[in-house]
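Peer 1: Just need the whole structure built from these sequences, with the hints factored in.
2 protein chains.
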Amino acid sequence: MNSESLQFKNYIESKGLLFTPERQCVAEEVFASHNHMDAEELLKHLKSKGSKASRATVYRTLDLLVESGLVKKIDLGEGRLVYEHTAGHPHHDHLVCLKCGSVQEFEEPLIEQLQEWACEKANFKPTGHSLNIYGYCRGCTTGKR
Amino acid sequence: MNSESLQFKNYIESKGLLFTPERQCVAEEVFASHNHMDAEELLKHLKSKGSKASRATVYRTLDLLVESGLVKKIDLGEGRLVYEHTAGHPHHDHLVCLKCGSVQEFEEPLIEQLQEWACEKANFKPTGHSLNIYGYCRGCTTGKR
DNA sequence: ACTAAGATTGAGATATAATCTCAATGGAGA
DNA sequence: TCTCCATTGAGATTATATCTCAATCTTAGT
Numbered sequence: 011m012n013s014e015s016l017q018f019k020n021y022i023e024s025k026g027l028l029f030t031p032e033r034q035c036v037a038e039e040v041f042a043s044h045n046h047m048d049a050e051e052l053l054k055h056l057k058s059k060g061s062k063a064s065r066a067t068v069y070r071t072l073d074l075l076v077e078s079g080l081v082k083k084i085d086l087g088e089g090r091l092v093y094e095h096t097a098g099h100p101h102h103d104h105l106v107c108l109k110c111g112s113v114q115e116f117e118e119p120l121i122e123q124l125q126e127w128a129c130e131k132a133n134f135k136p137t138g139h140s141l142n143i144y145g146y147c148r149g150c151t152t153g154k155r
Numbered sequence: 011m012n013s014e015s016l017q018f019k020n021y022i023e024s025k026g027l028l029f030t031p032e033r034q035c036v037a038e039e040v041f042a043s044h045n046h047m048d049a050e051e052l053l054k055h056l057k058s059k060g061s062k063a064s065r066a067t068v069y070r071t072l073d074l075l076v077e078s079g080l081v082k083k084i085d086l087g088e089g090r091l092v093y094e095h096t097a098g099h100p101h102h103d104h105l106v107c108l109k110c111g112s113v114q115e116f117e118e119p120l121i122e123q124l125q126e127w128a129c130e131k132a133n134f135k136p137t138g139h140s141l142n143i144y145g146y147c148r149g150c151t152t153g154k155r
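Chains as they are written, first to last, in this note's numbering: chain G, 11 to 155; chain A, 11 to 155.
It should be emphasised that the hints constitute simulated quantities derived from the structure, not laboratory data. Wrong hints could be hidden among the right ones.
When chains are identical, the list treats them as one kind, so a pair holds in a single copy or across two.
Mimicking BS3-like on lysine-lysine, the simulated pairs with C-alpha atoms at most 27 angstroms apart in a straight line are [as the list claims (entries may be wrong)]:
{"#": "1", "residue 1": "LYS83", "residue 2": "LYS109"}
{"#": "2", "residue 1": "LYS25", "residue 2": "LYS109"}
{"#": "3", "residue 1": "LYS135", "residue 2": "LYS83"}
{"#": "4", "residue 1": "LYS19", "residue 2": "LYS109"}
{"#": "5", "residue 1": "LYS82", "residue 2": "LYS109"}
{"#": "6", "residue 1": "LYS57", "residue 2": "LYS82"}
{"#": "7", "residue 1": "LYS135", "residue 2": "LYS109"}
{"#": "8", "residue 1": "LYS131", "residue 2": "LYS109"}
Keep in mind the model is a prediction, meaning the values are calculated, not measured.
Peer 2: In structure tokens, the structure reads:
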């Protein structure tokens, strides 16, 4: 079991819940993937690997993973909700290609700072944000893709 | 008929389409509202006012309004898709209250500039973006609401 | 005014994503 | 072992949005 799964196990057990095979299976699949993945895709992967985890369990486990802080739920807009693991990932936002659907990440600490200021000015207490830029990725503009 | 409806009429007719009573009705309802409104809410309003515009027509007309540039479709995340008219509205982003659901607008031109730079660095050709900050509005933090 | 071509409409079917229900299962502690 | 309660899967349900298609309008041409 990898380090992230172990952390998840600890989280689960610290809440007095059970680290079941189904939960482990879902968690490991999430941690193993290095792409943004949506819940239905994840379910399909698991099914094709012979796991019997049901849709309900997949969604429930994803909620637990998000709760634990090990996984982040990202709203890419256009109905795309994906998950990414947080380990070793500093905060970033997303560039979403409207042609090929690919998602790149980018960091811009100053944007975060400006957001803070905007919130102060508006007397708004921020807890999180979502910034997506839509357009065309390199491959889709150079015609090489 | 107000100026925005007139502009919409012009847009519709410039495309060789018909400015039907249904389309007028939907457009005027959108232009009359000063809040962000979602499609189902709009449909309900129209029904309660005796309009017979169907769901299909409401959605279709909203698409036309967005196409025309007079209305913008905003993805507030969490499955909330709302529409706002653009007339006299400079570009802005949104502060979404997680408690009362209210939506405030804010402007921060520098953020836009930084986004441009981030795109350049990534060889990404932006066409639009969506920035929502989630948290608690003034009323919901001071306990006055 | 008549007609043909094509735009528009509403009702309801369909699609999609996610959540909920509930009976059956199974682990943990007394 | 027994009891309690967490967990599960199958399928029902909800919510939102889009699609289908026959009926109805509009308009242009005659």
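Peer 1: Against each hint, give a clear statement of whether it holds in the structure.
Peer 2: Consistency of the hints with the structure:
In the homo-oligomer, the alpha carbons of LYS83 and LYS109 lie at most 27 angstroms apart both inside one protomer (23 angstroms) and across protomers (19 angstroms), since each shortest distance falls under that limit. In this assembly of identical chains, the alpha carbons of LYS25 and LYS109 lie at most 27 angstroms apart only when taken from different copies (26 angstroms versus 43 angstroms within one copy). Taking the shortest alpha-carbon separations for LYS135 and LYS83, both the intra-copy value of 21 angstroms and the inter-copy value of 25 angstroms come in at or below 27 angstroms. For the identical chains of this complex, LYS19 and LYS109 are neighbours neither inside a copy (39 angstroms) nor across copies (31 angstroms), given an alpha-carbon limit of 27 angstroms.
In this assembly of identical chains, LYS82 and LYS109 lie within 27 angstroms of each other by CA distance both inside one copy and across copies; the values are 25 angstroms within and 21 angstroms between. For the homomeric pair LYS57 and LYS82, the shortest alpha-carbon distance inside one copy (23 angstroms) is at most 27 angstroms, but the shortest distance between copies (40 angstroms) is not. Taking CA atoms no more than 27 angstroms apart as the test, LYS135 paired with LYS109 passes between copies only; the shortest distance there is 11 angstroms, against 36 angstroms inside one copy. When the C-alpha separation of LYS131 and LYS109 is checked against a cutoff of 27 angstroms, the pair qualifies only between copies, where the shortest distance is 19 angstroms, while the shortest distance within a copy is 37 angstroms.
In this structure, the one hint that does not hold is number 4.
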